[in-house]
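Q: Given the coordinates of chain A, work out where chain B should sit on it, guided by the hints.
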Amino acid sequence: MKVLHSDVLVIGGGLAGLRTAIGARRRGMEVSILSLVPPKRSHSAAAQGGMQASLANSIKGFGDSEDVHFADTVRGSDWGADQAVVRMFVHMAPKAVRELAHWGVPWNRVKAGPHPVVINGEPVTLQEPPSAHGLITARNFGGTAKWRTCYVSDGTGHSMLYNVSDQAIAANIPVHERMEAVALIHDGRRCYGAIVRNLMTGELLAHTARATCIATGGFGRIYRVSTNAVINEGMGAAIALETGVATLSNMEAVQFHPTGIFPAGILVTEGCRGDGGLLLDGRGHRFMPDYEPEKAELASRDVVSRHMEYHIRKGHGAETRFGQHLWLDIRLLGEDHINHKLREVKEICQYFLGIDPVHELIPVRPAQHYSMGGVRTDALGQSPQLAGLFACGEAACWDIHGFNRLGGNSVAETVVAGMIVGEAIADYCQSEAGQCAIDSALVNDCYRRQREEIAGLLASSGPERAGDLVRAMQDTMTTHVGIYRDGPGLTEAVRTLAELLARSRDLGLHCRAPGANPELVLAWRLPRMLKLALCVAQGALNREESRGAHSRVDFPRRDDSRWLKRTLARWPTGARQPELSYEALDVMAMELPPGWRGYGERDHVHHPDTARREAEVAAVRQRCTDASARQEALMPYAHLLPERYRRENERFEPPGEGEQ
Amino acid sequence: MSEDGAGVPSAVAAGSQDQGGTGRTLYLEIFRYNPADPDSEPQFRTYPLEETPGMTLFIALNLIREEQEPGLQFDFVCRAGICGSCGMLINGRPGLACRTLTASMEPRIRLAPLPVFELIGDLSVNTGKWMRGMSERLQTWVPATVDADIDSIEAPMEPELAEQIYELERCIECGCCIAGCGTAIMHERFAGAVGLNKVARFRLDPRDTRSDGNYYELIGDDDGIFGCMSLMGCQDVCPKSLPLQTQLAYLRRKMLRAGLIATG
Numbered sequence: 001m002k003v004l005h006s007d008v009l010v011i012g013g014g015l016a017g018l019r020t021a022i023g024a025r026r027r028g029m030e031v032s033i034l035s036l037v038p039p040k041r042s043h044s045a046a047a048q049g050g051m052q053a054s055l056a057n058s059i060k061g062f063g064d065s066e067d068v069h070f071a072d073t074v075r076g077s078d079w080g081a082d083q084a085v086v087r088m089f090v091h092m093a094p095k096a097v098r099e100l101a102h103w104g105v106p107w108n109r110v111k112a113g114p115h116p117v118v119i120n121g122e123p124v125t126l127q128e129p130p131s132a133h134g135l136i137t138a139r140n141f142g143g144t145a146k147w148r149t150c151y152v153s154d155g156t157g158h159s160m161l162y163n164v165s166d167q168a169i170a171a172n173i174p175v176h177e178r179m180e181a182v183a184l185i186h187d188g189r190r191c192y193g194a195i196v197r198n199l200m201t202g203e204l205l206a207h208t209a210r211a212t213c214i215a216t217g218g219f220g221r222i223y224r225v226s227t228n229a230v231i232n233e234g235m236g237a238a239i240a241l242e243t244g245v246a247t248l249s250n251m252e253a254v255q256f257h258p259t260g261i262f263p264a265g266i267l268v269t270e271g272c273r274g275d276g277g278l279l280l281d282g283r284g285h286r287f288m289p290d291y292e293p294e295k296a297e298l299a300s301r302d303v304v305s306r307h308m309e310y311h312i313r314k315g316h317g318a319e320t321r322f323g324q325h326l327w328l329d330i331r332l333l334g335e336d337h338i339n340h341k342l343r344e345v346k347e348i349c350q351y352f353l354g355i356d357p358v359h360e361l362i363p364v365r366p367a368q369h370y371s372m373g374g375v376r377t378d379a380l381g382q383s384p385q386l387a388g389l390f391a392c393g394e395a396a397c398w399d400i401h402g403f404n405r406l407g408g409n410s411v412a413e414t415v416v417a418g419m420i421v422g423e424a425i426a427d428y429c430q431s432e433a434g435q436c437a438i439d440s441a442l443v444n445d446c447y448r449r450q451r452e453e454i455a456g457l458l459a460s461s462g463p464e465r466a467g468d469l470v471r472a473m474q475d476t477m478t479t480h481v482g483i484y485r486d487g488p489g490l491t492e493a494v495r496t497l498a499e500l501l502a503r504s505r506d507l508g509l510h511c512r513a514p515g516a517n518p519e520l521v522l523a524w525r526l527p528r529m530l531k532l533a534l535c536v537a538q539g540a541l542n543r544e545e546s547r548g549a550h551s552r553v554d555f556p557r558r559d560d561s562r563w564l565k566r567t568l569a570r571w572p573t574g575a576r577q578p579e580l581s582y583e584a585l586d587v588m589a590m591e592l593p594p595g596w597r598g599y600g601e602r603d604h605v606h607h608p609d610t611a612r613r614e615a616e617v618a619a620v621r622q623r624c625t626d627a628s629a630r631q632e633a634l635m636p637y638a639h640l641l642p643e644r645y646r647r648e649n650e651r652f653e654p655p656g657e658g659e660q
Numbered sequence: 001m002s003e004d005g006a007g008v009p010s011a012v013a014a015g016s017q018d019q020g021g022t023g024r025t026l027y028l029e030i031f032r033y034n035p036a037d038p039d040s041e042p043q044f045r046t047y048p049l050e051e052t053p054g055m056t057l058f059i060a061l062n063l064i065r066e067e068q069e070p071g072l073q074f075d076f077v078c079r080a081g082i083c084g085s086c087g088m089l090i091n092g093r094p095g096l097a098c099r100t101l102t103a104s105m106e107p108r109i110r111l112a113p114l115p116v117f118e119l120i121g122d123l124s125v126n127t128g129k130w131m132r133g134m135s136e137r138l139q140t141w142v143p144a145t146v147d148a149d150i151d152s153i154e155a156p157m158e159p160e161l162a163e164q165i166y167e168l169e170r171c172i173e174c175g176c177c178i179a180g181c182g183t184a185i186m187h188e189r190f191a192g193a194v195g196l197n198k199v200a201r202f203r204l205d206p207r208d209t210r211s212d213g214n215y216y217e218l219i220g221d222d223d224g225i226f227g228c229m230s231l232m233g234c235q236d237v238c239p240k241s242l243p244l245q246t247q248l249a250y251l252r253r254k255m256l257r258a259g260l261i262a263t264g
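These protein sequence lines are chains A and B, in that order. Per this note's numbering, the very first residue in the first sequence carries number 1; after that it's consecutive. Per this note's numbering, the very first residue in the second sequence carries number 1; after that it's consecutive.
Don't read these hints as lab results, they were simulated from the structure. Please note that the accuracy of each hint is not assured.
[Said to hold, decoys possible] Below, in silico cross-link-like pairs of lysine-lysine (BS3-like), each with a Cα-Cα straight-line distance of 25 angstroms or less:
| hint | chain 1 | residue 1 | chain 2 | residue 2 |
| --- | --- | --- | --- | --- |
| 1 | A | Lys60 | A | Lys95 |
| 2 | A | Lys346 | B | Lys240 |
| 3 | B | Lys240 | B | Lys129 |
| 4 | A | Lys2 | B | Lys129 |
| 5 | A | Lys111 | A | Lys60 |
| 6 | A | Lys111 | A | Lys95 |
It should be emphasised that the depicted structure is a prediction, and the values quoted were computed from it without experimental measurement.
Next up, chain A with everything else stripped away, as it sits in the complex (with noise of 0.2 angstroms):
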């Protein structure tokens, strides 16, 4: 058995896990990465609008603030994130941004003088002031009462990882590109690494390591129809559920995406409509006011997709042989724009479609997006459960999108939480937690088992299909855990995806070829897709209200009495479903309590100690003249962030009345 330590092993080569090893290895830490992919291949690249940050530079973003990102983060959550966790997001997001400037990134910059817009399907024009030119410039997005996403034309995420990853490439850090991990070492207390498959040449290792991050992405292959990367399955999330021992939280919070492509689901940016792109109907009505008068077509993404789908089933939609669809209008930006500010767009649409979207409509569906859910953490990152093990980016639930993400927080995220777990990963590498010694014994049992499990699939002759059982957990995940669900759906998606899980075991492999063996990797991942999904459905079923974008049909209101807590899912091991629990989340300690969204649903039931919360914190406002003396006393959050960034951000100061 060939074994390789390093002080550090990140498991996932995209923004995140990139972030965190240059954090670790300028604390002097070595540092391993292993990526399904070479690293500017992963989905990060995906990104196309922005990343959130309230630097306030551009005329709409003037008077924009950390408060009032934290306050849009909270609400777009439906109350279902850490405030905290929130806090400490909104504080870093400007330092993220602006150290990407330093390495690079080209970010679209304000430009003095009149600049033609359009604003509800109005041409409208802004005036930015001289002293803000040449200063980083943001778009509007959904959910947000600034225009606060920092944007490089419509490639935000591609140059952000091309720049990041080039100076990881500056960093020495070693990339181990194709290599899977297919199991972490542990025992039950502590991680110690993962045991590695070359998915080049099919050689099995071990990987140790004093601290392993999990910074994998998403599982949205779990869904037929996402805008995910086909690498996106979730191998990070899933081992860690496997070690029977660390949680995952939130499953059940998925995001659909409003504007995927029809019927590809490829994605279209939420820039798009940002931008003024409008949503119309088959007969080309625009409908999103109708539902949502003030915020229209850029309410959140979950308020947004439920109107779309709600609509269709209305007989709305338009029709053709693939099915119902609905459109999204950008023409009135004007080629000018598009060609500058939306060209992957244009790229898309026509490779994909064959349409030029200067001048045609382009068909999109709602498309599975995101997943809020992932390996729970603390607000350093690391599993509560098993002791250095770190996770961050889409792969964990850290937790600043609860119920639903807004557009342009989760490529911050992985930036910023980057930033904080790299840190908090060389603080505990230096810290006697720490330091161990590894038994030889615990890896040696540990890649016996994935050895066995390979070797056992390599020989099978069962009468099942991997790419069958595949393709039926997508079609149960798509048809009944989707945008809308009920109590039948989801008992029906879990007798499937549990009928799956036990049809994996009979397996027959027809591709015993050595080296690269795309039919085994498949057959090896199928059981723990299953595994995540009935995390997802379960939770699903169990949680009998709706938040965010978890809709249920036959528990319409959001109900903080009883819902108000994050679900955790842990799968003991050799058991045949997930364990849930439920962690309450506490209105006493919040600084925003529980409320309307702005947008969406009104009618939810209160938790019981939302008055006195409100009560409490009015009077600390009324109380607290200065910022953070009043921060301190409604939810301090400054003494959980690294020291070196703990310093306030500087901000653009616009110029008063007539100086413009």
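A: Quick look at chain B alone, frame taken from chain A:
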């Protein structure tokens, strides 16, 4: 209540179930070779396939893997033309398979791996290793200060300059330009259009403080800008339509100048 029939492709493949065919049968001639298998011989094998509306090579190859050849190796990640994983020779020409519609071709389609790169198996090549080596040799990064000030207002940049940098940064390192390059095929260490374009990108960037003399040290030889024979295959095949011809010509002038200054 259920969410019905929202779309088609999955991780495995797009179903051809209820959409009907186009009436065409495609014949995909695919290069097969598994270096890990001592019994494997390099060869082309032909796979027939019923075409469906809107079929891309992503869908076609997944269907072949699912229904006919479970061991077939190829690389797709985003399947949306943005990640650069699926570069291959499509009827002899480098291109991105995921966004190539079968309807745009004759029914007989020949697929081979990109040349120059190390073959992993069948259509899969190791572009990642090549690109990392190129990045290390050319130092394709902004030399970053460890403790940059990230609390204060950022340095301004001209909006047009930011757009110009992004124009060159749109490269997705798919390797098509390398596969289409006469020099790269003969000359293992040649930086190619992908590498030289990156240097051009960093040269534009005011945050990169290196001088032309510094860049000359990196690319002022036959492995760099002077290795280019101006065949411009790179520009012809670039899936992102990057202005490679202009960039290479401009960079050659600048490096020639830097070289003349350096040698007095």
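Q: It remains to establish, for every hint, whether it holds in the given structure.
A: Right, here's what the structure says about each hint:
1. Simply put, A/Lys60 and A/Lys95 have alpha-carbon atoms about 20 angstroms apart, close enough for the 25 angstroms limit, and the pair holds.
2. A distance of roughly 12 angstroms separates the Cα atoms of A/Lys346 and B/Lys240; the hinted pair therefore holds under the 25 angstroms criterion.
3. The hinted pair formed by B/Lys240 and B/Lys129 meets the criterion: a straight-line CA distance of about 21 angstroms does not exceed 25 angstroms.
4. Distance restraint check for A/Lys2 and B/Lys129: the Cα-Cα separation of roughly 21 angstroms lies within the 25 angstroms cut-off, and the hinted pair is therefore satisfied.
5. Restraint check for A/Lys111 and A/Lys60: the C-alpha separation of about 13 angstroms stays at or below 25 angstroms, so the hint holds.
6. Taken as a hint, the A/Lys111 and A/Lys95 pair is honoured in the structure, with Cα atoms around 22 angstroms apart against an allowance of 25 angstroms.
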